[in-house]
Every structure is written in C-alpha cells, then in structure tokens.
Amino acid sequence: MSSIVSIVNVVKEYQLGKVTVPALRGVSLEVGVGEFIAVAGPSGSGKTTLLNLIGCVDTATSGVVQVAGNDTSKLSESELTDLRLHVIGFIFQSFNLVSVLSVFQNVEFPLLLQRRHTAAERRQRVMELLEQVGLHTHAAHRPNELSGGQRQRVAVARALVTRPKLVLADEPTANLDSQTGATIIDLMKELNRKEGTTFIFSTHDAKVMSHANAVVKLADGVIQGREKLEPGAAA
Amino acid sequence: MSTLKLLVTIAFRNLRASFVNLLIGGIIFFGSLLVLVGGSILNSMDVAMSKSIIGSVAGHIQVYSSRSKDDLAIYGAMGGEADVEALQDFSQVRKVLEKVPNVKQVVPMGINGALIAGGNTIDLTLADLREKVNRRRSGDQSPELEKQIQSLKGHLQEIVKQLKKDRENAAAISVRVLEADVTQAMDRAATDAFWQEFDQHPLDDLELLENKIAPLSTDADLLYLRYVGTNLDDFQRTFDRMEIVDGTAVPPGHRGFLFAKQWYEAALKVKVARRLDEMKEKIDVNHQTFARSDELRQNAKDNQTQTREILYQLDGLKKAAMVADLQKGLGATESDPDKLLRMLLDTNDQNFQDRYKLFYDAVASRLQLYRVRIGDTLTIQAFTRSGYVQSVNVKVYGTYQFKGLEKAALAGDLNLMDLMSFRDLYGYLSPERMEEIKKMKAQTGAQMIDRDKAEAELFGGGDADGAGGRRVVAQATPGVIDESQELGGGAGELRRKDLTSRVYSREEVEGGVVLNAAVLLKDPSKINQTIKEIEARAKEDGVPLKAVSWQQAAGFLGQLVLFMKVVLYLAVTILFVVVLVIINNAMMMATMQRVREIGTMRAIGAQRSMVLWMVLIETVVLALVFGVAAVLVGSGIVGLLHRVGIPAVSPYLYLFFSGPRLYPDLGVGVIVAATVVVSLVSAISTLYPALTATRVSPVTAMQQDE
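Taken in order, these protein sequences are the chains called S and H. Residues 1 to 235 (my numbering) make up the first sequence, in order. Residues 1 to 706 (my numbering) make up the second sequence, in order.
Because the hints were derived from the structure by calculation, they are not lab data. Glycine residues also receive a C-beta, built at the ideal position from the N, C-alpha and C atoms. A couple of the hints might just be wrong.
Output of the computed footprint for chain H on chain S, the stretches with three or more beta carbons under 8 Å from beta carbons of chain H [to be verified]:
#1 53 to 62
#2 73 to 83
#3 86 to 94
Using the sequences and the hints, build the whole thing.
So this is what it looks like as structure tokens:
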C-alpha cells in the first residue's frame with residue numbers, strides 16, 4: 001500500500017511572546033491511500049496542528065512532511081495553495097461555508113478556482129455530489145436556511161467535489177449532536193469506500209473513533225500509539 | 001470569467017449583508033452628491049461670471065502696458081485702482097493687434113475711479129432759487145414765479161434752521177468750534193428779517209448762503225465712481241448686449257457720460273425710494289415676507305427714520321400737495337407731512353404693494369429722485385497720476401445696462417465715458433486743452449489769477465449751458481463766478497464751443513493715451529495661444545504690451561471665483577480624505593469580521609490575488625451602486641434647481657449668479673468627475689484592507705470559535 005502522507009520526525013513550535021510552546025515534538029506517521037484514519041487525543045494534544053501540517057496550511061519547524069509525494073517545506077506559498085486546491089479537501093468543525101453563497105455556489109467554489117471545467121461539467125459534478133449527500137433539492141438554499149447536519153453535508157460535498165486524493169476533517173462532528181455526527185461519519189465512510197478517497201479526521205469522541213480503520217493516539221505532541229480497528233467494530 | 005461573475009455575486013450579496021456597507025455607501029453617496037451638485041453650481045457660476053465679464057467690459061483678452069507696476073484689474077484691485085502705466089498711442093497698439101489673425105475687435109479703454117458729489121439739497125435748492133431770481137431779474141413778473149420764489153425762500157429758511165439746530169447739538173458733544181463768521185451768517189439766515197429783506201439784494205444773500213452755509217450741510221456725500229473711458233461707438237458695437245435704459249446714447253464722436261443703470265439706482269437715487277425698490281424685489285422675486293424676514297422689517301424701520309431727505313427737497317407748495325394726496329391715499333386726517341410720510345412707510349405684508357404705488361404717485365413724483373439727472377452736466381474730479389486734482393465736465397446722456405446682466409453687480413458698476421474726457425481726467429492734456437491753457441496764460445499772466453478762480457476755471461469751469469442742463473458741482477463749491485466777467489474772449493469761448501458739442505474724428509480718439517484695451521477673438525477657445533501671439537507681435541514692433549486672459553484681468557473678482565472654487569474643492573478634498581479614512585476603517589473591520597471566510601477560501605485553494613480582487617471588487621461595486629444613485633439623485637436636484645433657480649439671497653450674490661437667480665446646468669464633465677473621484681477614492685481606500693485580507697492565513701479556517 002503506497003502512502004499519501006508521510007511524516008518523519010516533525011517538530012512544530014509556536015512562539016507565544018517570549019515563550020516557545022511545543023505543539024508537536026517529533027511525530028512520524030505514514031498514511032496509506034484509501035485509509036480512513038482518526039486522530040484522537042485530548043484538546044491541546046496537537047491534533048489540529050498535525051492536520052494543519054498535513055493540509056499544507058502550515059509548515060513544520062523541523063522534520064519532513066510529504067503529501068502526495070511533495071515535500072511541503074520545499075514548496076512556495078502559491079504552490080502549497082495549488083496543492084490544497086487539487087489534492088486536498090477540507091471539512092471544518094464549524095462547517096465554514098460562505099454565507100452569502102447558495103449551497104450550489106459553495107460546492108462549486110473549488111471547481112471555479114481550478115479553472116479547468118466548463119459550466120456544464122461543473123453543474124453535473126456539483127449536482128452529483130449534492131445527490132450523494134442527499135441535498136440536491138436544497139441546491140438553491142443559503143447556508144443559514146439549513147440545519148447543522150445539512151451544512152456539514154454541504155461541506156463534505158465541497159471537500160469532495162474536486163475528487164481530492166486526501167480529505168482532512170478537523171473535529172467534523174464536534175458541533176453536531178451525536179446522531180447527526182454519526183450520519184456524517186457514515187457519509188464520509190461511504191465516500192471513502194466508493195471513491196477510494198483517503199480520510200484523516202480528528203476527534204475526541206470515542207464513538208466517532210470507532211468508525212475508523214485506525215486510530216492514531218496523540219498526547220502532549222507525541223504519538224502514543226497507532227491502533228488498528230476491525231471494520232464495523234462499533235456498529 | 002465565471003470567477004469574476006462569482007466575485008461580483010459575492011460583492012452584491014455582501015452589500016446587503018453588512019450594515020457597515022450601508023454606512024460606507026451613504027458616505028460615498030453624500031460625497032458624490034456634493035461633487036455633482038456643488039460642481040454643477042460652481043461651474044454654472046463660472047459660466048455666468050465669464051458671461052458677465054467677457055460680455056461686459058473685459059472681452060476675451062485685455063492688453064496693457066508691460067511697464068505697469070501692478071497687474072491690470074478692471075473691476076478694481078483690493079486697495080483701490082491698480083497702478084497701470086499708460087499706453088501713449090493707441091493707434092500703435094491697434095496696429096499690433098490687427099496683425100494677429102484671431103483678433104476680431106479691439107476696444108480702447110481707460111479705467112479709473114473718481115469722486116463726484118451729487119450736490120446736496122441746499123445746493124440744489126439754492127441753484128433753483130438763483131435760477132428763478134435771475135428769471136425775475138430778466139423781467140418775468142408772473143405771479144406763479146413769485147409764488148415759487150417765496151416757497152423756495154421758506155424752504156431754505158427751514159433748512160437753515162434745521163442746520164443751526166444740528167450744529168448746536170453737535171457743538172454740545174464736540175470741541176470743534178465754528179468760525180465766527182459762519183456762526184454769524186447762520187444766525188442771520190435763520191431769522192425772518194433776513195428773508196424779508198432777501199428780495200432787495202437776492203444775489204448777495206444767495207452768495208452768503210452758498211459760501212457760508214451750504215458747505216455745512218452734510219447730506220451730500222462724496223461718491224466714489226468707477227468709469228471706463230472708451231471709444232463709445234466701438235464699445236457699443238463690440239459689446240452688443242449693451243443697451244441704453246434712460247436717455248440716449250452719446251452721439252458718435254462726442255464727449256459724454258453714461259451711468260451704469262445699476263450704480264445710478266444704487267448710488268444716486270433717493271435712499272427711501274431705492275430701499276422700497278429693493279424691498280419690492282425681495283418680496284416679488286425672492287418671496288420674502290415681513291413676517292419671516294428681519295431684513296424687511298429693518299428696512300421699513302430705516303425708511304421711517306429717513307424721511308428728512310424727502311422733506312428737505314420739498315418746498316411749501318409741493319409739501320401741501322403731497323399732504324393732500326397722502327391723506328387721501330392713507331385715509332388719514334394727519335396734516336404733519338413728516339408723520340404722514342412715516343405712516344406711509346410703515347409697511348407690512350398686507351399693505352406693501354399699495355404703499356409702494358402710493359409712494360411713487362404721491363411722493364416720488366414731486367421729488368428729484370436722482371441726485372444727478374439725465375441731461376445734467378457732471379463734474380468729475382480725480383487725482384491724476386502726478387497727484388493733483390483734475391476735473392472735467394461731461395454731459396450725462398443716459399444710463400445703460402447689459403442685457404441679461406441687469407442685476408449683476410460686476411457689470412453694473414462701471415460707468416462709461418468718452419476717451420477724450422478720460423484723458424483730461426487722467427492728466428493727459430489733449431492738444432486743445434494745452435492750447436487753451438496757453439491762451440489763458442497769454443491773456444492774463446499766470447501770476448495774476450486769483451487762486452480760487454483759476455482752479456475753477458482750470459478744473460471745474462465752463463458752464464456747459466450749450467447742453468441745456470444744470471450743473472452739479474463736485475466737492476466744495478468753489479465760489480460764485482460770473483463767467484461773463486472772467487476771462488473774456490478766447491479761452492472760455494473755446495471751451496464752451498468745444499467740450500460738449502465738438503465732434504472728434506476717429507484719429508483723434510484713437511491716437512492718444514489709453515490704459516488698456518479689450519480684445520475680442522474669433523475663436524475664444526484659443527485664448528492662451530493668442531495671448532502668446534499678441535505678446536510676440538508687440539515685441540517685434542517694439543510696443544510694450546502685456547496680454548492677459550479675462551480671468552486675470554478681472555483682478556480680485558476673477559480671483560474671488562477662483563478662491564470659491566478652491567474652497568469648494570478643498571472642502572471636497574477634505575471630505576474625501578475623511579471618506580477615505582472611514583472606508584479604510586470600515587473595510588478593515590469588515591475584513592476582520594470575515595477572516596474565517598477568507599481563511600476558508602485560502603485553505604480550499606484560493607490564491608492571494610483572488611482574495612485581493614474579491615475585496616477590491618466589493619468596494620468598486622459598492623462605490624458604483626451608491627455613486628450611480630448619487631448621480632441620479634444629483635441630476636434630479638440640479639434639474640430641479642435649473643427649473644426653479646437658486647435665489648440670490650443677498651445682492652452680493654448677483655455678481656456670481658449673473659442675476660437674482662442662478663439656474664445651474666448639469667455638465668457631463670461633472671458627472672464623469674464625480675464618478676471617477678468616487679471610484680478612485682474607494683479603490684485607494686480599500687487597497688490596505690485588501691492587502692491585509694491577502695495576508696489572512698488559511699490556518700484561521702481551522703481555528704474554532706472561542
């Protein structure tokens with residue numbers, strides 16, 4: 001199994017005034033294509049930092065972060081942006097939809113940024129995704145007309161519309177009730193199976209964790225262990 | 001393309017999303033509106049002013065001597081008249097100017113100021129009495145004349161008594177003591193005995209009154225008068241909006257004087273009548289009412305305190321007739337003329353129009369309404385460049401105004417005079433004047449002339465009775481001179497024949513001193529180019545000529561418009577600097593509120609440039625929406641003003657409005673300027689927030705709400 005993410009001995013430190021706060025202290029991790037991995041740990045353990053580094057929105061203080069074969073420390077700001085656009089999809093804890101755009105426009109947005117598709121192609125792809133998340137009838141709605149679960153499903157559709165190799169989800173269920181959260185995880189899992197997209201998501205909810213193929217446990221910026229789970233164990 | 005569409009969509013949607021945008025939009029709206037409406041009004045004022053200035057005296061270009069100390073200021077400089085060197089021979093100037101192809105017409109000019117005294121009431125009454133006494137002496141024994149003489153005598157005694165009272169009042173508060181002979185004369189002239197004996201030696205008594213008492217009267221103020229000495233024929237032809245209002249034009253080649261109608265009204269009309277005219281205009285044109293206007297009420301009050309000027313003019317006969325008319329008109333039984341007049345002038349919203357008419361019917365018809373009448377000979381005194389007083393008599397032919405600029409103070413204050421008289425006043429001796437002086441010297445010998453009389457003869461003399469008018473003498477009355485006994489033969493005769501009736505040839509008029517000349521162009525858009533050409537030609541021909549545009553020639557008035565423009569544009573600039581800061585701050589706030597959204601876009605894969613464009617386009621859309629709204633509303637306002645007109649609340653504004661109302665036009669230029677300025681200001685003010693937005697890190701998308 002080839003790996004899509006390869007992290008070797010990564011250190012990330014933040015500067016808070018004169019104090020240096022270590023967020024990751026020498027982390028190494030391999031994620032294979034098609035995996036559905038949960039990053040778990042208490043808050044402050046470095047989950048978000050790890051996802052930021054993998055998602056190319058932040059760079060490591062030291063160590064190597066390779067995404068889809070690219071050493072992120074060797075890429076320019078604009079190349080990193082391109083990498084995010086074409087290779088990675090994001091799902092956020094607070095959904096982060098553009099409030100003034102409709103559901104359709106929100107999902108279409110990354111495709112517009114890619115500038116490779118005709119309007120017809122875009123339309124087809126967006127509707128396809130909305131159907132998969134069960135919101136094709138809500139295409140013209142604004143985000144504030146939707147429930148939290150519906151919004152997160154729009155966010156899932158937006159993350160997947162470009163057919164990314166890797167989708168990163170930072171606490172995707174934290175702002176949802178447990179039942180809605182479960183349906184979002186189910187949806188992600190289904191897409192993982194159907195499209196073969198690699199998912200890495202962070203969570204501190206044991207129930208959510210149980211849906212993953214593997215759980216990476218993080219505490220105080222150090223990986224405590226990697227646990228392989230039987231598929232469907234928690235169902 | 002579709003990205004742009006998306007950005008515009010985002011921009012439009014965000015427009016409605018934020019209250020801050022509404023605030024910015026409001027400011028942009030107000031700013032554009034100010035540029036549009038203010039600019040339109042100012043431009044229209046500029047057009048009105050240039051119409052007044054070019055169309056009246058200035059022409060497109062003014063030329064004057066390049067050796068002048070000051071810049072030419074045809075409407076007067078701040079501290080009096082500009083010191084402009086004379087051009088010795090105008091015909092040379094004309095030759096130079098006619099070589100320049102764009103020159104259409106040239107009008108020679110000399111602009112200066114002078115003093116006239118519009119003859120006080122006692123002078124006028126004395127002159128009237130003298131004329132009637134002379135008529136009686138030459139054999140007219142009609143009872144009508146006798147009645148008039150007696151009435152005038154009574155009138156004069158009244159005036160003397162009044163003067164005496166004034167003097168006594170003044171003496172109580174002032175240390176200045178009158179010379180004994182004056183006091184004595186006054187005491188005598190106030191007595192009944194003096195007037196009973198008057199008919200036995202009227203001429204002696206008249207002399208006493210004229211010499212000792214008339215100078216004490218204070219109701220004649222010296223008036224400062226500005227005039228243009230010019231070739232009147234050319235002037236009339238060139239400035240074809242000029243029209244004669246009263247009287248006639250000065251016949252071709254003659255000496256003569258034309259009052260500017262507006263100045264004539266303002267300076268020479270009986271004050272109460274003038275004020276009533278002004279009140280009528282305020283009521284009829286500017287729709288003011290007594291109820292709301294302090295000014296009108298004050299005017300009415302002033303009128304009631306200034307009845308003396310009217311009463312002074314009326315002798316017993318006229319007074320009685322006026323009292324009868326007023327009693328009838330007012331339905332009053334009061335018989336005191338002063339009280340009746342006060343009643344008449346106690347005006348309000350209900351009675352003003354009736355009282356106005358009654359004043360003109362019952363009072364004004366019996367007055368000499370203007371201190372100088374058409375047909376009178378006017379004595380004008382001026383300081384020549386070398387500092388001595390020069391004076392000249394000219395016949396007043398009429399009054400004139402410029403069509404469409406009747407109320408524009410700018411064009412309405414310059415009186416017109418022939419060029420020959422101007423030269424005399426300016427201290428430039430015309431050949432015949434030199435000849436006259438030579439003859440006088442030869443005849444009498446300079447040392448033998450009594451100082452008083454010589455002055456009169458040289459500077460104020462020459463009874464222009466050829467014109468059939470009365471003389472209004474300037475400043476102090478120089479004394480009674482029996483012209484027939486003064487200088488016999490030569491000099492006096494020469495002057496009498498010459499000055500008023502002589503016809504000057506074009507060569508005589510043109511071939512002498514002028515101060516400046518107005519140049520009218522075939523193509524007025526080439527002013528600057530033509531100025532250069534004129535100066536180049538003049539240099540070639542060795543004529544010391546400087547050419548300036550009409551704006552410059554208008555002197556401090558031209559600068560006043562410029563000043564107002566500077567003030568408006570300064571205000572607009574300050575406003576837009578404020579707008580700039582506000583938009584900058586507001587957009588900064590808006591950007592800060594949207595860091596999550598911007599961060600998300602960046603995380604999803606939007607490049608920095610795209611974020612930059614997003615913010616910029618938002619502001620541009622904002623500016624366009626509110627800017628276009630401002631243009632529409634502003635056009636509506638200007639359109640409305642164009643129909644209704646902006647009333648000139650004070651006569652000073654007539655100058656800028658070229659009339660009692662300004663009708664502003666909307667210019668394409670102003671619309672373009674407003675749009676460009678607004679777009680530019682909003683773009684510049686957004687630059688910094690937009691740059692800040694590009695620096696939002698995609699990491700912020702991951703951060704959670706607190």
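Structure-based check of each hint:
no.	hint	result
1	53 to 62	holds (count 3)
2	73 to 83	holds (count 4)
3	86 to 94	holds (count 5)
In summary, this structure violates none of the numbered hints.
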